[in-house]
Amino acid sequence: MATIRSFILYSLILFFASCNATRVIKPLEKGEKQLSAGLGGPGIIYAGAPIPMPLTSVNYAQGVDSNVTLSVGMHTTSLAFGVLQSDVSLGIRAYQSKSERFGLTATPGIHVLYDLYENNFRTYPQLEATTWWQYSESKQHLLYGGLGTWIELFKQKAHGQVQTNELMPWITVGHQFNLERWSYLTEFKYLGFQHKTAPSVVDFVSPGGNGTIGFYFGVSRTIGK
Amino acid sequence: MRNLIIIAFLLVFSSCLRLDSFLYNPDTSIEAYGYDSYEGEVEIEVGPEYTIADSMIHPLTFQSHPSGDDKKIHAVYLGNIADIATDTIILYCHGNRDHLDFYWPRIKLLANVGGKNRYGVLAMDYRGFGLSEGPATEEGMYEDVDACMLWLKQMGLTDDRLVIYGFSLGSAPATELTANPRTLQPSKLMLESCFASDDVFVEDASGLSLPGSYFTSLQINNGDEIKKVEEPFFWIHGVDDSFIRMDTHGETVFGNYRGSYSEAHRIEGGEHGDVPTVMGYPEYLNAVYKFILR
Numbered sequence: 000m001a002t003i004r005s006f007i008l009y010s011l012i013l014f015f016a017s018c019n020a021t022r023v024i025k026p027l028e029k030g031e032k033q034l035s036a037g038l039g040g041p042g043i044i045y046a047g048a049p050i051p052m053p054l055t056s057v058n059y060a061q062g063v064d065s066n067v068t069l070s071v072g073m074h075t076t077s078l079a080f081g082v083l084q085s086d087v088s089l090g091i092r093a094y095q096s097k098s099e100r101f102g103l104t105a106t107p108g109i110h111v112l113y114d115l116y117e118n119n120f121r122t123y124p125q126l127e128a129t130t131w132w133q134y135s136e137s138k139q140h141l142l143y144g145g146l147g148t149w150i151e152l153f154k155q156k157a158h159g160q161v162q163t164n165e166l167m168p169w170i171t172v173g174h175q176f177n178l179e180r181w182s183y184l185t186e187f188k189y190l191g192f193q194h195k196t197a198p199s200v201v202d203f204v205s206p207g208g209n210g211t212i213g214f215y216f217g218v219s220r221t222i223g224k
Numbered sequence: 000m001r002n003l004i005i006i007a008f009l010l011v012f013s014s015c016l017r018l019d020s021f022l023y024n025p026d027t028s029i030e031a032y033g034y035d036s037y038e039g040e041v042e043i044e045v046g047p048e049y050t051i052a053d054s055m056i057h058p059l060t061f062q063s064h065p066s067g068d069d070k071k072i073h074a075v076y077l078g079n080i081a082d083i084a085t086d087t088i089i090l091y092c093h094g095n096r097d098h099l100d101f102y103w104p105r106i107k108l109l110a111n112v113g114g115k116n117r118y119g120v121l122a123m124d125y126r127g128f129g130l131s132e133g134p135a136t137e138e139g140m141y142e143d144v145d146a147c148m149l150w151l152k153q154m155g156l157t158d159d160r161l162v163i164y165g166f167s168l169g170s171a172p173a174t175e176l177t178a179n180p181r182t183l184q185p186s187k188l189m190l191e192s193c194f195a196s197d198d199v200f201v202e203d204a205s206g207l208s209l210p211g212s213y214f215t216s217l218q219i220n221n222g223d224e225i226k227k228v229e230e231p232f233f234w235i236h237g238v239d240d241s242f243i244r245m246d247t248h249g250e251t252v253f254g255n256y257r258g259s260y261s262e263a264h265r266i267e268g269g270e271h272g273d274v275p276t277v278m279g280y281p282e283y284l285n286a287v288y289k290f291i292l293r
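In the order they appear, the protein sequences are chains A and H.
So in numbering that gives the first Met the number 0, the last spot in the first sequence is 224, and the numbers never skip.
So in numbering that gives the first Met the number 0, the last spot in the second sequence is 293, and the numbers never skip.
Treat the hints as calculated values from the structure; they're not laboratory data.
In this text the structure is predicted, and so the values were computed from the model without any measurement.
There could be a bad hint or two in this list.
To be verified - Heads up, simulated EDC-like pairs for lysine to aspartate or glutamate below, C-alpha to C-alpha not over 16 Å straight-line:
#1 H:Lys71 with H:Glu40
#2 A:Lys195 with H:Asp246
#3 A:Lys195 with H:Asp239
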């Protein structure tokens with residue numbers, strides 16, 4: 000029964016809950032402004048090869064001060080489905096080594112979703128911690144990794160069933176290649192590893208039948224300081 | 000101005016995509032129904048002992064037009080048409096694949112409940128499936144099944160002798176038209192591998208309490224509509240169903256039934272489309288027969 004149409008349906012559904020790469024890896028400098036665009040999503044096996052699904056989002060970030068960056072994102076794929084989905088987060092410099100090569104960023108945030116058809120509203124608080132390493136001599140490029148989760152606030156599912164998934168966690172590993180104004184991001188995310196995705200009509204990139212591996216690409220441009 | 004154009008574009012674009020049509024997987028490439036001579040893919044294979052004589056196979060067409068959207072619907076009746084006025088009839092609502100030929104072995108099986116041609120069986124292609132006209136829609140599907148009931152009523156069928164059987168997608172019209180009857184009130188409801196709602200599909204896939212309305216405008220809600228059903232209820236589901244999960248979809252529908260009698264058949268090793276096969280055809284037919292007799 001694994002038809003291609005069902006396959007697409009399931010894939011799209013999972014998009015929304017795994018929709019973007021890490022918003023703030025290392026906080027911006029005070030007053031620094033950045034525009035970003037992201038592409039990517041859960042990995043699925045298609046024609047024998049793993050491919051990311053093309054979720055898109057745009058993002059604006061600004062350094063509130065040298066330790067805190069405000070980030071606001073809009074999810075354009077969701078918008079195409081009549082769902083306004085936005086995320087707001089604060090990237091807080093929790094630790095930075097004296098050499099400025101290592102650091103830890105804590106990023107609390109919130110996702111809000113609202114559909115224009117039946118006015119259903121959902122909100123998901125998000126917690127994320129990202130550690131980064133400026134490995135190159137010029138301190139230009141970053142390797143990073145982190146942990147994060149969405150928090151499920153709804154205790155009931157459809158038809159009065161009990162919601163047993165209270166968290167939708169992920170593990171992230173990525174790289175950011177930085178030029179003077181442009182930066183390019185590649186990220187892998189293991190999402191929902193406590194959530195059983197197999198058996199399923201969709202052949203997710205799903206280690207042990209749990210969760211899915213997501214692939215993300217991003218490009219950012221500093222637009223002012 | 001530029002920003003206004005961008006915002007306007009986003010708002011217009013924002014109402015473009017819905018996944019409703021993804022519920023249906025019809026095949027309209029056939030030029031005629033093949034029944035036993037159909038050489039394409041079928042969901043299950045049944046042996047020659049379940050073959051129905053050509054004289055008992057009656058291709059039919061109806062005009063389905065309760066809401067004015069007139070469509071020609073193709074159906075097939077297995078049995079003696081004269082029996083409709085006096086005996087129990089099974090109205091079979093098929094799943095979301097292809098057309099009647101794909102489900103032909105299942106339809107033949109039901110024509111063997113209680114012995115060959117013991118009960119008449121009527122099955123149809125919803126609009127948009129097989130040779131039936133028009134695009135597949137949720138309301139159209141209900142109208143098309145109701146058009147079949149109208150024909151059965153014209154042939155002399157009464158409420159108390161109508162058994163409706165819904166498989167997979169077919170659980171939607173079967174439940175809807177039992178909970179909210181139009182032309183006839185089925186006296187018994189049988190659901191195989193039924194789904195609860197689009198909300199449950201979304202929850203299963205995302206692991207979150209996201210509503211189905213984020214993706215579809217479907218109003219199918221067997222999980223709630225079953226609460227209105229008072230007629231005896233036969234429920235059967237494959238434990239290993241990976242398409243419509245038994246624990247989240249099937250059990251929800253079964254658990255919400257509040258009528259006079261229900262029986263559940265959880266088939267170990269059963270996937271979505273092979274429950275009669277895994278259960279064993281004699282056992283399956285016997286279970287259906289016993290339910291109809293009670």
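Each hint tested on the structure:
no.: 1; hint: H:Lys71 with H:Glu40; verdict: 25 Å, violated
no.: 2; hint: A:Lys195 with H:Asp246; verdict: 13 Å, holds
no.: 3; hint: A:Lys195 with H:Asp239; verdict: 14 Å, holds
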